[in-house]
Every structure is written in structure tokens, then in C-alpha cells.
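Undergrad: Spelled out from the first residue to the last, the chains are:
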Amino acid sequence: MTADFKSNDLANTDHKNNGNVVHNPWRDLRQFTDARIGLGRAGISLPTSEMLAFQLSHAQARDAVNFPLDINEMKAKLATVNTANARVLHLHSQAVDRVTYLQRPDLGRKLNENSRQLLLDFVAEQQQSTQEKYDLAIVVADGLSSLAVQKNAAPFITELLSQLSVNKPLTFAPITLVEQGRVAIGDDIGELLNAQIVMVLIGERPGLSSPDSLGLYLTWEPKTGLNDSLRNCISNIRPAGLPYIDAARRAAYLLNEAKTLKLTGVNLKDRTQDDVIEHQQSSRHFLNAE
Amino acid sequence: MGQRYRYTLGTQVYNFKNLAQVMAKATPHRSGDRLAGVIAQSAQERAVAQMTLADIPLKAFLNEALIAYEDDEITRLIMDDHDANAFMAIAHLTVGDFRNWLLSDFATSSVLASVRQGITPEMAAAVSKIMRNQDLILIAKKCHVTSAFRNTIGLPGHLSTRLQPNHPTDDINGIAACILDGLLYGNGDAVIGINPATDNVAQAIKLMTLMDEVIQKYEIPTQSCVLTHVTNTIECIEAGAPVDLVFQSIGGTEATNSSFGFSLNTLAEAQDAALSLKRGTVGNNVMYFETGQGSSLSANAHHGLDQQTCETRAYAVARKFNPLLVNTVVGFIGPEYLFDGKEITRAGLEDHFCAKLLGIPMGCDVCYTNHAEADQNDMDNLLTLLGVAGCSFVMGIPGSDDIMLNYQTTSFHDALYVRRVLGSRPAPEFEKWLTNMNIMKNSSDVTLSHSLPAAFAKPLDALAGGRS
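Chains A and B, in that order, are what the protein sequence lines are.
All the letters of the first sequence, read from the start, carry residue numbers 1 to 290 under full-length UniProt numbering.
All the letters of the second sequence, read from the start, carry residue numbers 1 to 468 under full-length UniProt numbering.
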């Protein structure tokens with residue numbers, strides 16, 4: 001083997017029949033789960049390939065947490081999303097950097113002074129056209145995974161708008177793009193923009209098998225200091241999780257219900273779920289098969 | 001009450017307004033206490049708070065409640081259940097003297113067991129704050145706490161594991177696959193315990209039935225648990241479901257537990273219900289509790305206390321109900337409470353020490369999330385330290401990666417590692433089963449068999465046949 005071997009050469013070394021790795025015949029059971037079963041062992045420890053595969057997954061999840069949002073790219077993407085209002089306002093929370101953000105969730109929930117002023121100026125500018133309350137303000141915040149936002153926010157919004165346009169058209173506040181934001185920062189933004197409902201799209205805490213999950217939170221009549229029990233959440237929006245089309249259907253349903261009932265939160269139940277888990281067809285599993 | 005604590009250092013006088021403030025400022029740094037605004041403002045202030053704390057008599061903790069007696073049922077539990085006779089041996093000590101006494105050769109395992117009902121959670125928390133990590137390990141190792149249901153947990157020289165076969169959609173074959181994987185790696189003696197993805201009574205009963213069938217069919221000397229809300233488990237028992245253990249997450253203030261939706265009365269009702277089933281064979285410890293620093297702050301129910309003191313008060317709740325298992329989910333909530341590997345390690349050792357001192361069968365979910373400054377090396381370190389300290393059990397999960405809860409904890413392989421380097425063994429009844437099943441070839445040096453045990457080869461063959 002040459003010195004410049006490729007990474008998959010390394011992965012292959014474990015599978016050579018050199019007797020140092022004990023393989024698990026039950027690895028086939030991975031047809032039933034993404035859990036890391038049947039990994040085999042070197043002595044009692046992880047084989048090299050599995051140990052390195054884990055490190056790679058962890059590295060990807062870590063990068064997802066620490067990668068800053070590409071603001072210009074996101075602005076461009078969001079500006080092309082077809083809303084009545086193509087403006088994208090760039091905002092920042094009071095958490096000045098990532099380290100502060102991770103330790104001080106309270107600061108991630110509040111807009112910094114510049115951002116607050118930006119929104120006040122925008123609203124003042126709109127006054128001439130006697131602006132009524134917007135139906136919806138969409139907030140895109142980096143959260144714990146900018147990767148989730150970068151990959152999934154724009155295509156999800158596109159899908160959502162195409163489903164919403166069937167109904168009575170809504171009025172949209174300009175999309176806001178927030179750095180170092182937590183969910184509750186939508187309360188500040190929605191209130192300042194005078195929006196009836198705020199929808200926060202935010203990067204979720206990344207798992208090893210899901211570094212790019214997008215979360216969605218809906219809040220009726222947002223204002224600073226609301227409790228999380230007043231929000232509705234849709235989680236794991238990404239092609240390998242809850243696909244855009246299904247997530248958009250649920251979001252459109254919740255938006256409609258919220259407008260009818262004039263509320264969001266624990267008193268607004270999502271009844272669109274057609275994949276309820278407890279209705280699995282069989283309770284027999286391979287370990288108790290006769 | 002209203003008493004002031006004061007320390008003079010050179011020309012500078014430090015005033016602390018009450019015991020809670022001395023405790024909070026004496027705590028080693030962690031992000032949650034900073035978030036709560038109770039942390040020392042400088043390293044020197046922390047050191048001074050520790051010296052102030054060391055001079056406070058243990059008796060002061062019986063006279064000054066950190067949360068008012070009238071306002072909090074956990075305070076009432078701590079005060080009302082305090083054993084004055086057991087306390088007599090240490091009643092003359094300050095917190096600083098208490099540390100010396102615990103470290104002394106006089107404080108043997110049996111002496112420590114004889115005073116534990118006289119120690120309040122706050123006394124344990126206080127002394128932990130003036131300890132180095134090696135103190136926390138050395139004394140915890142002397143505290144022997146055993147519990148039993150279908151096997152015996154916590155014997156000296158033993159380390160058990162909770163087999164945690166979670167699945168993001170509760171797929172029963174996916175769960176069964178993880179159970180098999182864990183058993184074949186010698187894990188699962190503490191409990192086979194599932195965090196359900198869909199949390200309701202019907203789902204809990206389905207998962208309990210699944211585990212009960214496996215335990216019965218393969219005659220495994222272990223117990224199962226679905227980690228659902230205590231009120232759900234009471235309903236499961238009423239519906240005739242095969243409940244071994246009752247689970248609940250608990251916190252150290254009444255307000256925290258209210259936010260979790262239960263009170264001490266609820267736990268008593270659940271314990272009675274589980275005991276009435278008489279499913280234990282070698283013991284009747286039927287409760288399983290989880291704790292973790294930061295839960296009270298997260299529920300906005302911390303009354304200005306630091307998070308480690310709140311955590312320790314939760315052990316008063318646990319102690320009341322004679323649990324089989326308690327574990328701190330140490331790194332789960334995230335870096336706003338424990339920022340990095342260093343803070344997680346310290347918290348894990350504190351939680352284990354305080355619980356063992358109070359007589360709790362303590363285990364630890366040695367874990368972290370991907371937004372914390374931590375990795376597998378930090379977990380290896382804490383796992384090894386806890387193994388040395390005599391931790392009762394840790395988690396066992398396929399490849400360390402929980403695909404439902406999106407965090408990393410200790411794997412089946414990790415448990416074998418720590419058993420081998422420290423010579424620790426599974427619960428005796430379970431160890432016998434591992435040998436009889438030909439899963440372990442040699443349990444004293446933790447050697448697994450090379451061939452698949454016959455009992456498990458059969459369902460796998462059937463599965464392969466069914467697919468072809």
C-alpha cells in the first residue's frame with residue numbers, strides 16, 4: 001500500500017480477515033434501526049472503523065453548532081422566496097458570539113439595540129402607507145445549527161407559501177434573519193413588526209444522525225415575555241426527517257387554526273398527524289417469534 | 001434567620017447575606033449558576049466563600065432552611081425526616097471538620113452507613129463544595145448502598161448498566177434489536193429501560209409487554225422500565241400491565257416537581273401500587289428516579305439556590321421511596337448549565353458523592369450534547385473516575401449514540417472497558433446468567449464468547465429464513 005492511501009482504505013483494514021476484529025452476525029438487524037448495533041469488537045473495544053465513523057459523525061454535529069450562518073447567501077436565498085414583501089432584515093441578538101450564546105440563553109432571546117432600532121425605523125417608514133397588522137412574520141434564526149437553516153429554511157418557506165396561496169392570501173412582514181437567536185426572540189420581532197402571528201424557523205440541537213434538523217415555532221400575538229406553553233412546534237424538518245411538503249401541510253393547518261381560534265400553544269392541537277406511532281400493525285417482534 | 005456570614009481577608013470584609021448565598025458562591029464555577037446570577041463574582045470571592053462555609057457548624061443547617069419550611073414540601077421532608085440520633089456522632093462538627101471526619105480512617109463504611117440518616121442534603125452539598133475531586137471519589141467509594149429487585153445492585157466491586165434501547169418511532173423490532181445487542185455485550189443488569197418516543201399509557205403498556213416477554217422467555221434476572229410520567233405508570237398498573245419499576249424525573253424543590261406534574265403524595269401512591277404487584281424476586285425496591293443539575297433553574301423554581309444544592313435536595317425525595325436506581329443525567333440539558341467536559345466531570349462526581357453519602361443507590365448517565373464543549377475523551381475520563389468511585393450503574397447504549405434523544409452517553413463497549421480495567425463485575429445474579437447463556441466466556445476478566453449463544457441464534461436464523 002502506498003503512503004497516500006485514501007480514507008476508505010483505512011476503513012477497509014478492519015474488515016480484512018486478520019483475526020483482530022470479531023464481527024457480529026446480528027448486524028443485519030440494522031434493517032430495523034439506525035442505532036449503532038452490531039458494531040463488532042476488537043477485544044472488548046470498538047473496532048477502528050466504527051470508532052472513526054463515530055468521530056466523523058461527532059465532528060459533523062460539532063461543525064453544525066459552530067458554523068456561522070452565511071448571511072449573504074441566506075439573504076439572497078430568502079429574497080428570492082416569493083412573498084409579497086421581498087425585503088430581508090438582518091438582525092442580531094444580545095449574545096455577541098457563540099460562546100456567549102451557548103451559556104446565556106437569556107441573551108439569545110433578546111434583540112440588540114441596533115436591531116431594535118432597525119425594526120422601529122422600518123415600521124416608521126411604513127406608517128405613511130397606513131400599515132395594518134401583518135398576518136404573519138417569518139423569522140429565520142441560526143439557533144444551534146446554522147446548517148439546518150442554510151439547507152432547509154428557504155425550500156420549506158417556498159413549499160409553505162405554495163400551500164398557503166390556495167387559501168385567502170395572507171399579508172407578510174419582511175422576513176427577518178437573526179444571528180445568535182433563540183426561539184423567544186420571535187416575540188420581540190413579532191411585537192415590533194406588529195404581526196398577528198410569528199413563525200420562527202430555527203436550527204435544532206444537532207444529533208449525530210441529524211446535524212441539520214430545522215424546528216418551527218408558531219406564536220399568536222407575539223410580545224416580549226411569553227411562555228413556551230403558548231407556542232406550537234413542528235420538529236425535525238429536513239428531507240431525511242419530516243419532509244418539507246408534510247411539514248408545510250402541518251404548518252398551514254396550524255396557521256389556519258390559530259387564526260380561527262385566535263391562539264397558539266397547548267390549547268391548539270395538531271390533528272393532522274396521519275402517522276400516529278401507536279397504530280403499528282403488529283406487536284410481534286423477532287425475539288418473541290415462535 | 002437573617003443571620004449574616006462574614007469573612008475578613010486582610011483589610012477586606014466579605015459579607016454573605018445567608019447560608020444559601022455562601023453555598024452558591026462557594027460552588028466551583030458552572031455556567032448555570034452564572035445564568036442564575038448566584039455565582040461568585042471572582043475567584044477570590046469563591047475561595048473566601050469556601051472558607052466561610054468551612055467554618056459553619058453542621059447544626060446551622062438544621063436551624064436555617066434554604067427554602068422556607070412553610071413554602072416547600074421538600075424542606076418539610078428534609079426537616080421532618082431528620083434522624084437526630086444518627087446525627088449525634090457528627091453534631092459537633094463544622095463543615096470543614098466534617099470533611100476531615102469523612103476522610104479519616106474512623107469513618108469506615110459501616111460508620112458512614114450509621115450516620116447517613118442524620119445527614120441532610122444541604123450538609124452533603126456543603127461539604128462537597130470544599131472538596132477536591134479525589135475527596136469525592138475516596139469517600140464515595142466507602143459508601144456502600146445496595147438495592148434489589150430481581151438482582152442486587154451496588155455491591156462493592158460491581159458495576160451495572162441500564163440497557164437503553166431507544167428508537168425514534170418506538171419500532172418494536174428496532175427496540176428488540178438493541179436489547180439483543182446489549183445483552184450479547186453483557187449489558188442490562190440495572191434495568192432494561194426505554195424512553196418512549198410516543199408518551200402515553202397505551203404505548204407504555206405495549207413497550208412494557210415487549211420487555212416483559214423477553215425477560216420471561218430468556219429468563220433474564222433483570223427488571224424493565226418505561227420512562228414515562230409517574231401518573232401514566234399508575235394507570236398502567238391499574239390496567240394490569242407488567243410494571244416492574246416506577247419511573248419519575250425528580251427535582252429538589254416543590255416548585256420543580258410541580259412543574260414536572262407530581263407531588264410526594266403521587267410518588268407514595270405509585271410506590272404502593274408497584275409494591276402490590278410483588279414482581280421482585282430478591283428484593284422490593286420498585287422506584288427508579290432520574291435527576292440532574294439545572295432542572296430547577298430550567299423550571300424557574302430554584303429559589304436563588306445554586307444548581308448543585310438544588311440537585312442534592314432531590315436526593316431527599318429519592319431517599320424517601322427506597323429506590324432500586326437513581327441516576328443523574330449529568331450532561332444532558334446542555335452547556336447553559338454545565339459548559340464543558342470539566343464542568344460535567346465535576347458535577348458527575350459531586351452528584352455521585354452526595355447521593356452515596358445520603359444512602360442513595362446512585363448511577364450516572366455519563367453524557368453530553370453536541371453543543372457542549374465535550375467529547376468521548378471527557379466521557380472516558382468521567383466513566384473511569386466514577387468506576388473508581390464505586391458508581392452503581394451507568395448507561396449502555398449502542399455505539400454511545402442515542403438516536404431518539406440526540407445525545408451521546410456510554411456504550412455497551414464502554415461498560416466492558418471499565419469492568420475490565422477496574423475488575424468490576426455485573427450484578428451477581430445477572431453474571432451467572434451471562435455465563436450460563438454462554439455470552440461471557442470468562443466473567444472475571446470480561447471475555448465474551450466468540451460464538452452466538454444458541455438461544456439467540458434461533459430467532460436470528462428464523463429471521464434470516466423469513467426474509468429469503
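Because the hints were derived from the structure by calculation, they are not lab data.
Since the structure is predicted, the reported quantities are computational estimates derived from the model, not experimental observations.
Hints may contain errors.
Distance condition first, Cα-Cα at most 30 Å in a straight line; then the derived BS3-like pairs of lysine-lysine [stated by the list, open to error]: (1) Lys110(A) x Lys142(B); (2) Lys223(A) x Lys110(A); (3) Lys110(A) x Lys259(A); (4) Lys269(A) x Lys206(B); (5) Lys342(B) x Lys142(B).
Here are a few chain A residues that face chain B, going by a calculated C-beta distance under 8 Å [to be verified]: (6) Thr48; (7) Ser49; (8) Leu56; (9) Val65; (10) Pro68; (11) Ile71; (12) Asn256; (13) Asn288.
Chain A side only, calculated, beta carbon under 10 Å to chain B, not exhaustive [stated by the list, open to error]: (14) Ser45; (15) Pro239; (16) Pro243; (17) Ile245; (18) Asp246; (19) Arg249.
Every residue, glycine too, gets a C-beta built ideally from N, C-alpha and C.
Undergrad: Next, verify each hint and record whether it holds.
TA: The hints, checked one at a time:
1. Lys110(A) x Lys142(B): 48 Å, violated
2. Lys223(A) x Lys110(A): This hinted pair holds, its Cα atoms lying about 11 Å apart.
3. Lys110(A) x Lys259(A): The hint holds at about 26 Å.
4. Lys269(A) x Lys206(B): 24 Å, holds
5. Lys342(B) x Lys142(B): 24 Å, holds
6. Thr48: 13 Å, violated
7. Ser49: 12 Å, violated
8. Leu56: Hint violated; Leu56(A) Cβ to chain B Cβ min 12 Å, cut 8 Å.
9. Val65: Result: holds, 5 Å to nearest chain B Cβ.
10. Pro68: Constraint on Pro68(A) not satisfied, violated at 14 Å.
11. Ile71: With Cβ-Cβ at 21 Å, over 8 Å, it is violated.
12. Asn256: Constraint on Asn256(A) not satisfied, violated at 25 Å.
13. Asn288: 5 Å, holds
14. Ser45: At 6 Å from the nearest chain B Cβ, Ser45(A) passes the 10 Å test, so the hint holds.
15. Pro239: 16 Å, violated
16. Pro243: This hint is violated: Pro243(A) lies away from chain B, its Cβ roughly 15 Å from the closest one there, beyond 10 Å.
17. Ile245: Where the cut-off is 10 Å and the nearest Cβ of chain B is about 19 Å from Ile245(A), the hint is violated.
18. Asp246: Since chain B brings no Cβ nearer than about 15 Å to Asp246(A), farther than 10 Å, the hint is violated.
19. Arg249: With Cβ-Cβ at 19 Å, over 10 Å, it is violated.
Taken one by one, the earlier hints fail for this structure at numbers 1, 6, 7, 8, 10, 11, 12, 15, 16, 17, 18, 19, listed in ascending order.
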